[in-house]
Amino acid sequence: MKKPLWKRIYTWVDERVTLEDLVTFLGKKYVPLHRHSIWYYFGGVSLFLFIIQVVTGILLLLYYKGGEELAFESVQFLMAKVHFGWLIRSIHSWAANLFILAGMIHMFSVYFGKAYRKPREMTWLTGMLMFFLAMGFGFSGYLLPWNELAFFATKVGTDIAGVVPFFGKSIMEFLRGGEDVTGATLSRFFGFHVAVFPGIFTLLLGIHLILVQRQGMSEPIEDGVNDAHTRKTMPFFPNFLLRDLLLWLIVLNLIAILAVFFPWELGKKADLFASAPAGIKPEWYFLFMFQTLKYLPAQLWIIDGEIFGIMVFGVAGLLWMLVPFWDRKSSKGERSRRINYLGVIAVMYIIILTILGWTS
Amino acid sequence: MNESMTAQTQEGKRGFLKFVLSGSLLALAGSIFYPIFAYLKPPKSGEVEVSSVKAGKVNEIEKDSGKIVKFGTKPVILLRTAGDELRAFSATCTHLDCTVQYKKEMGLIWCACHNGKYDMNGRNVSGPPPRPLDEYRVVVQGDEIIISKKA
Amino acid sequence: MDIMRVTLVLFLLWAVLPIASAQSRVNQCLTCHEALDDKPSGLFKHDVHFEKGVTCAGCHGGDPSAEEMDQGMASEKGFIGVPKGDDISKACARCHSNASIMVKEYNSVLPRNQSEILATSVHGKLSTTGKEHIAQCTTCHNAHGIVSAKNPASPVHPLNVTKTCSKCHADAAFMRAYNPALPVDQLEKYRTSVHGVKNNHGDAKVAACASCHGSHDIRSASDVKSKVYASNLPTTCGTCHANRNYMKGYKIPTDQVRKFSSSVHGKALLEKHDLGAPACNDCHGNHGAAPPDIESVSKVCGTCHALNASLFASSPHKAAFDSRRLPECETCHGYHEIVAGTDDLLGVSPNAVCSRCHNENRNPKGYAAARNMRQLIDSLESFEINADSLVANAEQKGMEVSEARFKLRDTRQARLQSRTMVHAFDEQKFREVISKGVEVASLVTAEGQSAIDEYYFRRWGLGIATLIITIVAGSLYLTIRRIEKAQSAKEETH
Numbered sequence: 487m488k489k490p491l492w493k494r495i496y497t498w499v500d501e502r503v504t505l506e507d508l509v510t511f512l513g514k515k516y517v518p519l520h521r522h523s524i525w526y527y528f529g530g531v532s533l534f535l536f537i538i539q540v541v542t543g544i545l546l547l548l549y550y551k552g553g554e555e556l557a558f559e560s561v562q563f564l565m566a567k568v569h570f571g572w573l574i575r576s577i578h579s580w581a582a583n584l585f586i587l588a589g590m591i592h593m594f595s596v597y598f599g600k601a602y603r604k605p606r607e608m609t610w611l612t613g614m615l616m617f618f619l620a621m622g623f624g625f626s627g628y629l630l631p632w633n634e635l636a637f638f639a640t641k642v643g644t645d646i647a648g649v650v651p652f653f654g655k656s657i658m659e660f661l662r663g664g665e666d667v668t669g670a671t672l673s674r675f676f677g678f679h680v681a682v683f684p685g686i687f688t689l690l691l692g693i694h695l696i697l698v699q700r701q702g703m704s705e706p707i708e709d710g711v712n713d714a715h716t717r718k719t720m721p722f723f724p725n726f727l728l729r730d731l732l733l734w735l736i737v738l739n740l741i742a743i744l745a746v747f748f749p750w751e752l753g754k755k756a757d758l759f760a761s762a763p764a765g766i767k768p769e770w771y772f773l774f775m776f777q778t779l780k781y782l783p784a785q786l787w788i789i790d791g792e793i794f795g796i797m798v799f800g801v802a803g804l805l806w807m808l809v810p811f812w813d814r815k816s817s818k819g820e821r822s823r824r825i826n827y828l829g830v831i832a833v834m835y836i837i838i839l840t841i842l843g844w845t846s
Numbered sequence: 002m003n004e005s006m007t008a009q010t011q012e013g014k015r016g017f018l019k020f021v022l023s024g025s026l027l028a029l030a031g032s033i034f035y036p037i038f039a040y041l042k043p044p045k046s047g048e049v050e051v052s053s054v055k056a057g058k059v060n061e062i063e064k065d066s067g068k069i070v071k072f073g074t075k076p077v078i079l080l081r082t083a084g085d086e087l088r089a090f091s092a093t094c095t096h097l098d099c100t101v102q103y104k105k106e107m108g109l110i111w112c113a114c115h116n117g118k119y120d121m122n123g124r125n126v127s128g129p130p131p132r133p134l135d136e137y138r139v140v141v142q143g144d145e146i147i148i149s150k151k152a
Numbered sequence: 027m028d029i030m031r032v033t034l035v036l037f038l039l040w041a042v043l044p045i046a047s048a049q050s051r052v053n054q055c056l057t058c059h060e061a062l063d064d065k066p067s068g069l070f071k072h073d074v075h076f077e078k079g080v081t082c083a084g085c086h087g088g089d090p091s092a093e094e095m096d097q098g099m100a101s102e103k104g105f106i107g108v109p110k111g112d113d114i115s116k117a118c119a120r121c122h123s124n125a126s127i128m129v130k131e132y133n134s135v136l137p138r139n140q141s142e143i144l145a146t147s148v149h150g151k152l153s154t155t156g157k158e159h160i161a162q163c164t165t166c167h168n169a170h171g172i173v174s175a176k177n178p179a180s181p182v183h184p185l186n187v188t189k190t191c192s193k194c195h196a197d198a199a200f201m202r203a204y205n206p207a208l209p210v211d212q213l214e215k216y217r218t219s220v221h222g223v224k225n226n227h228g229d230a231k232v233a234a235c236a237s238c239h240g241s242h243d244i245r246s247a248s249d250v251k252s253k254v255y256a257s258n259l260p261t262t263c264g265t266c267h268a269n270r271n272y273m274k275g276y277k278i279p280t281d282q283v284r285k286f287s288s289s290v291h292g293k294a295l296l297e298k299h300d301l302g303a304p305a306c307n308d309c310h311g312n313h314g315a316a317p318p319d320i321e322s323v324s325k326v327c328g329t330c331h332a333l334n335a336s337l338f339a340s341s342p343h344k345a346a347f348d349s350r351r352l353p354e355c356e357t358c359h360g361y362h363e364i365v366a367g368t369d370d371l372l373g374v375s376p377n378a379v380c381s382r383c384h385n386e387n388r389n390p391k392g393y394a395a396a397r398n399m400r401q402l403i404d405s406l407e408s409f410e411i412n413a414d415s416l417v418a419n420a421e422q423k424g425m426e427v428s429e430a431r432f433k434l435r436d437t438r439q440a441r442l443q444s445r446t447m448v449h450a451f452d453e454q455k456f457r458e459v460i461s462k463g464v465e466v467a468s469l470v471t472a473e474g475q476s477a478i479d480e481y482y483f484r485r486w487g488l489g490i491a492t493l494i495i496t497i498v499a500g501s502l503y504l505t506i507r508r509i510e511k512a513q514s515a516k517e518e519t520h
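Chains as they are written, first to last, in this note's numbering: chain A, 487 to 846; chain B, 2 to 152; chain C, 27 to 520.
Every clue listed holds true.
Some, not all, of what chain C presents toward chain B, calculated at C-beta under 10 Å:
#1 Ala332
#2 Gln439
#3 Ile495
#4 Ile497
#5 Leu502
#6 Arg508
What the hints contain is simulated information worked out from the structure, not anything from laboratory work. Note that CB positions come from ideal geometry on N, CA and C, so glycine has one too.
Using the sequences plus the hints, can you model the full thing?
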């Protein structure tokens, strides 16, 4: 019987690169099955969304023109004249938000599952760095259509960056490419968004994925039952992968529906001399921090309120990122109520303040 | 007998499922790649306009004449003077927004609605218009006239 | 009898005393200067100040009771001699701006702010010498024979005021020193106007210089506070012309200001402050004010509505109207109460003006032309409305149709042009303009429609894509189940 095509290709490559080992290794991969297994999917969903961003982003690059003279008009052109331009752009905008949402869910599920504990500290670190980069992607990409809302949101956001003591002004000028938000800011953000961030992100992603492959899936700490024989598992190939693909299909459909029924707005072109419209707020993933700053009083003892807020968030973020190193209990394999409570508080805080920020 | 039949129907079902899966996968691929390929094909109106606009070739506009050109969403009047100078102004009359025109016999820009007149520098010289017309920058690249916003 | 006699004497004394006391405000200055046949003293005898008992010292200072010159004209007694420049007005203002003098002493109802107002008026500016203001009180009121403005002997009485103002304002050399661009022919023009003619014949009720420009408060016509500033002018003219009682006997209507204010010109000028809109003087003239003659109405309207006027002048209506003594533009559009020209004016419906003359049976050609033109413009309007609603619909659906919106301008432009072209009263020319508009409107309609179609196409496309994805997902799910069943079967057999 003649071999099917794919088998012949496989043999041809295998004769040259020895794929056997890899295939065996992959065939042995398994995914633990327990009541929290559902969360395992969110890493993959985040990855899928990132891939969508890269593909749609590259497509957008073919028509987008950077620079304050043409940016807005090129996006307008995309939405109006380019075939399916409206679709590509709306997918890109929606998937960006879903990407950050999926990333958050993934991060919190890892946190509550204490999957960051030894030996997976580096996986957590690269993941956190990728998450911060994702926020950077969101912030820089938001400005690129050079519309009114984006312009002012960037102004406010970089203003806040400028509040950091000592380095704040330099950071702000570095971000803005000058003292104010101008076309120079747009150029910079464009460079960050399509070159700098993707490069760094890909590096981190590579490390992250290799680590996951090498170390396998982590399981939540459960009293006793970590026995290799009683553990229920599912092979990664083909079971988990196919289920993963199924979920990805559903996500794809969701994005398509959002893109058609809730197309991303463009609004008015940014006018550097206009006054800010009322109610400027950043995208939802920054909202909880923005709202917190609004609630802080102007002065707390001798420290300026805004500076205090930023410092608190900075320290909080740092602590969060270093959790594998100060969570002693989990690294010993013990359950930690404290970590759980901390996590619940964090989630609640973020949700409540985001809602408050949205409805204010 | 029964077993072979169930085995056969199972085979049949399996084959059908495979067929449906591969068929729909193909359709999915098509519904993803069709928009992408359509997207890659450049649309008819080519360029993004509006910071600057091509207004035709120099030999397409006669000496001592004017024509209306679309600049984004606004009309612009392009003039070629008798002295062979190219000038461009906003064509929206500053009185009540009618579109102005060049009147050769008057040597002026004229608004038909209420007899408003502007000189060849866009300044309002007679009639109701309260302000001059905004000026645009005209540049000739090769033999192509490009109109852009004044800095 | 005695008591009655005493009462009579007392009464007479009481009546005579004030006069005596007036005379008892001894005016030795006058006594001497009269004897000298001094002109000012002669004039002063007819002065209202003399009547009220004000002595020469009232303005010149000094001691009016002193018989000797050096005592009477002593500077220690406040004598200022003949005041020059601003000292003149200061002397007048000493009393005329002083409430305790004017009201308490003289029971006067005259205003007391003339100096104040004059200072902010155009005459309150400094003269060419720089040492005093342009006008002093005496410039217009004279110095020694001052009488009330209502007195025909006063230089500021309506029948005399033109001469008074012309003293400066008709002197080209004088005016050149202050404002070379200001005309000096106002009086000449005035004399050709209805006001001027009547004023010449002794009618003191008609407008003279001060009636429109004010007296102490005269400002340049380009000054927003001036009574003759464009948007203030209708009110100024209306002070007389809208007053039924005042205008009794002149046999002209008094509804002009009311009609004008509700007209399109009035609304533009008075509500929107469009200074391009005409005020009374733009059609009637300023100093040469008179209603335009029948053959010149279109020329007057044509100063702004140039295209309509020139089309009319070369149309068949010009000769027809002139021969019937019909006042051109006014016949169809009115004059003071001109409303915005809508399509309703055209055609053969009850509101339209054409059928007033063009009878269906007696003038079938004109009637048909009117009817057809109205139909054409109505059809253009409906095309435009349709196109506009399609584009608006597409916009509401979130589709990008700014180009179509831009093209819609041309349709509106065509409709405006057709309303102007009506004045040629030529169906063929009208049709040409309309068809250009219809062409653009059809283009826009097509673009709007395709935008809407694209909107639905997207939803259909989504539906199909969802269907495909659902089938893939469904069959994928079944495949997974199959694989897992096979796997568990395998495990069981092991």
